[in-house]
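Q: Sequence:
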Amino acid sequence: MAGKIPRVPVNHLGSATTAGSPFIPNSAALQTGLSRRDFMRLSALAAASGLVLPRRPVAAQSMTSTESELLSLAMDVARGEGADYADGRVIRTQFEAVGAREQMITQVQSTDSYGINVRALVGGSWGFAATQIFTRDAVANIAREAVAIARANNDVAPSTTVLAPVDIFPDADWVTPHSIDPFTIPIEDKAALLLRVNEEALRVNNIRFSSSSILSVKEERLLATTEGSVVRQTLMRINPSINITAISPDGSDFQSRSAVVEPAGRGYEYVMGLELAANAQGWAEEAAMKLDAPGVEPGKWDLVLHPSNLWLTIHENIGH
1 MAGKIPRVPV NHLGSATTAG SPFIPNSAAL QTGLSRRDFM RLSALAAASG LVLPRRPVAA
61 QSMTSTESEL LSLAMDVARG EGADYADGRV IRTQFEAVGA REQMITQVQS TDSYGINVRA
121 LVGGSWGFAA TQIFTRDAVA NIAREAVAIA RANNDVAPST TVLAPVDIFP DADWVTPHSI
181 DPFTIPIEDK AALLLRVNEE ALRVNNIRFS SSSILSVKEE RLLATTEGSV VRQTLMRINP
241 SINITAISPD GSDFQSRSAV VEPAGRGYEY VMGLELAANA QGWAEEAAMK LDAPGVEPGK
301 WDLVLHPSNL WLTIHENIGH
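The numbers in full-length UniProt numbering rise by one with no breaks, and the one at position 37 of the sequence shown is 37.
If you're looking for bench data, these hints aren't it; they were derived computationally from the structure. Some hints here could point you the wrong way.
What follows is a list of derived Cβ distance ranges for each label pair [said to hold, decoys possible]:
#1 Asp173 / Gly251: 51 to 59 Å
#2 Ala293 / Gly265: 31 to 39 Å
#3 Asn239 / Ile318: 29 to 37 Å
#4 Ala157 / Pro298: 21 to 29 Å
#5 Pro298 / Leu163: 48 to 56 Å
#6 Thr184 / Ala138: 27 to 35 Å
#7 Arg79 / Ser179: 16 to 24 Å
#8 Thr160 / Trp301: 46 to 54 Å
Every residue, glycine too, gets a C-beta built ideally from N, C-alpha and C.
Whole structure, please, built from the sequences with the hints as guidance.
A: If you want it as structure tokens, here you go:
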């Protein structure tokens with residue numbers, strides 16, 4: 001098998017399986033752990049053999065005038081069918097996850113989704129329909145379906161909905177502030193960083209396990225409304241994480257340190273600024289310190305909460 005890449009069927013979404021799920025070289029090995037050497041070897045083999053899979057659907061390279069025209073058609077059809085208000089969105093979402101435990105790559109996932117939807121208001125009720133088929137007939141059909149669902153809902157439970165007044169933006173753009181698109185950084189580079197982070201953490205006495213990951217999301221939206229707004233948005237989110245576990249020499253206790261970094265609506269520059277590898281030993285030392293920390297005695301105590309914990313406290317108290 002050395003030097004050979006298996007033939008991989010690529011479906012219409014650019015994913016290398018007939019079911020549409022992303023292809024991962026030696027995916028069985030990735031579930032149990034893939035060493036740094038094997039991961040880099042497989043990546044090099046794929047590149048050398050010319051196996052370059054599309055990172056996104058072929059028909060979805062950028063927000064196009066065709067998409068704007070289809071949304072305009074959808075709004076016209078919805079109005080013609082009797083909608084009091086309607087909006088439509090073309091949404092394209094890229095998701096990528098890279099994970100490592102100790103010196104093994106444990107997760108590589110890259111997916112794309114792409115579709116168009118219409119939401120319609122009739123009376124006080126809403127209807128919704130969506131499709132992945134980007135033809136005039138298909139888009140007109142979902143506009144009719146959304147209005148029909150809204151009308152049926154309103155017939156069952158008549159009500160009145162008054163929408164808040166909003167400004168109209170006939171040609172607007174908004175992009176998450178960033179300097180480095182996470183999807184321009186090779187997966188190999190992200191994997192190498194995570195392996196380095198784990199390596200640094202494991203240098204600390206009593207640290208036995210270290211896992212880390214980087215999750216990236218890029219969502220491109222094109223919005224059109226019957227009020228006349230047309231808005232393009234590019235939203236990015238990135239979530240680096242690390243979980244370090246210390247075990248006492250006699251095996252009687254274990255403690256973990258995690259949640260030391262937060263997700264952010266930023267680009268890859270956020271990950272670079274965290275200096276994960278440089279800080280890994282410090283976080284590992286904090287995990288080891290917990291092995292000797294005294295237990296909390298029952299009673300009433302004042303808590304000083306870090307903001308990263310305060311949001312969780314608020315969520316658990318009123319978010320549910």
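Q: If you test the structure against every hint from before, which numbers come out violated?
A: 3, 4, 7
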